[in-house]
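**Student:** Single-letter residue listing:
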Amino acid sequence: MNLRRDVFQAIADPTRRAILLLVASQSLTAGAIAANFDTARPTVSKHLQILTECELLTQEQNGREIYYHFNPKKMKEVAEFIEPFRKMWDDRFNKLESVMKKYKAK
Amino acid sequence: MERKTKVNAEDGKQELMITREFDLPLELLFKAYAQAELFEQWMGTKVLKLESRKHGSYQFETTDPKGNKHRFNGSIHDFLPNKKIIRTFEMENTPFGVQLEIYEFEELTPDTSKLTMHVLYESVAQRDQVLQLPFAQGINMAHNRIQDILSKLK
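In order, the protein sequence lines correspond to chains A and B. Just add 296 to wherever you are in the first sequence, counting from 1, and you've got my numbering. Just add 380 to wherever you are in the second sequence, counting from 1, and you've got my numbering.
One thing to keep in mind: the hints can contain errors.
Pairs of lysine-lysine, DSS-like flavour, derived with a Cα cap of 25 Å [what the hints assert, rightly or not]:
hint	chain 1	residue 1	chain 2	residue 2
1	B	Lys464	A	Lys400
2	B	Lys411	A	Lys391
3	B	Lys449	A	Lys383
4	B	Lys411	B	Lys384
5	A	Lys383	B	Lys426
6	B	Lys386	A	Lys391
7	A	Lys391	B	Lys494
8	B	Lys384	A	Lys391
9	B	Lys411	A	Lys397
10	B	Lys393	A	Lys370
11	A	Lys391	B	Lys446
12	B	Lys463	A	Lys397
13	B	Lys426	B	Lys411
14	A	Lys400	B	Lys411
15	B	Lys393	A	Lys383
16	A	Lys391	B	Lys426
17	B	Lys449	A	Lys398
18	B	Lys463	A	Lys400
19	A	Lys370	B	Lys386
20	B	Lys434	B	Lys411
21	B	Lys429	A	Lys391
22	A	Lys398	B	Lys411
23	A	Lys383	B	Lys411
24	A	Lys397	B	Lys426
25	B	Lys449	A	Lys391
26	A	Lys391	B	Lys464
27	A	Lys397	B	Lys386
28	A	Lys400	B	Lys494
29	B	Lys384	B	Lys463
30	A	Lys369	B	Lys393
31	B	Lys411	A	Lys402
32	B	Lys384	A	Lys383
33	B	Lys494	A	Lys402
34	A	Lys383	B	Lys434
35	B	Lys386	A	Lys402
36	B	Lys494	A	Lys398
37	A	Lys398	B	Lys393
38	A	Lys397	B	Lys464
39	A	Lys400	B	Lys384
40	B	Lys426	A	Lys398
Derived from the structure by calculation, the hints contain no laboratory data. Predicted model, so just to flag it, every value in this text is computed and none were measured.
This is chain A alone, in the form it adopts within the complex (with noise of 0.2 Å):
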């Protein structure tokens, strides 16, 4: 694989981010994709060619469309896929623990 292909790139730039989030709910075709983002058709083409490259999107021929699928094995390579889904929690518990001390001091 190109060095420059590298997955934590991939997933570096916001367009390829806001793709994989809407492919994750979805399999889509390259029309449907870029249909959701103000960038240049070829822009969206070449973001979409990054990600399958670097296999966190798939390529499957159905008729004449290509529809690209999220490829969850390849996202669990990206380490500590999980912290932002932890920090999150963390975050709204250190919350409930700071809500909660105010109340308590009422």
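Starting from the structure of chain A, add chain B where the hints point.
**Tutor:** Chain B in isolation, oriented as in the chain A frame:
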């Protein structure tokens, strides 16, 4: 304050565990879940309905920065004060299905307590999707984003 909240999600399973120890007496920790006005404050959500009892139900609503409203709801299967809450959870109008959540509340010392949250998803794939969603931002923002996107597709 490091690693107070732990997430354990074993590979290939359709469940996960979230544990957290609190600097709060058990009763206060439980109250944060049982009383709507307190829940609203720490979760940052509007509580449309919260029937904290066995066979009760709940519905929450959040508003994203764009002003779009997103609703979450579920049924309360069991409600044992200061011990346990078993409920379902669903994000309305998303493909993430329903999850079963078992909350266990324990006293550690008179001033500290522990929450264990056991979450079961419909499938391994669904759990992994939910886990992976927040890698970009917070999970709520991700859900909102997906809802935005899905509503555009309709």
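**Student:** Hint numbers the structure violates, sorted upward?
**Tutor:** As far as the earlier hints go, 17, 34, 35, 37 are violated by this structure, in ascending order.
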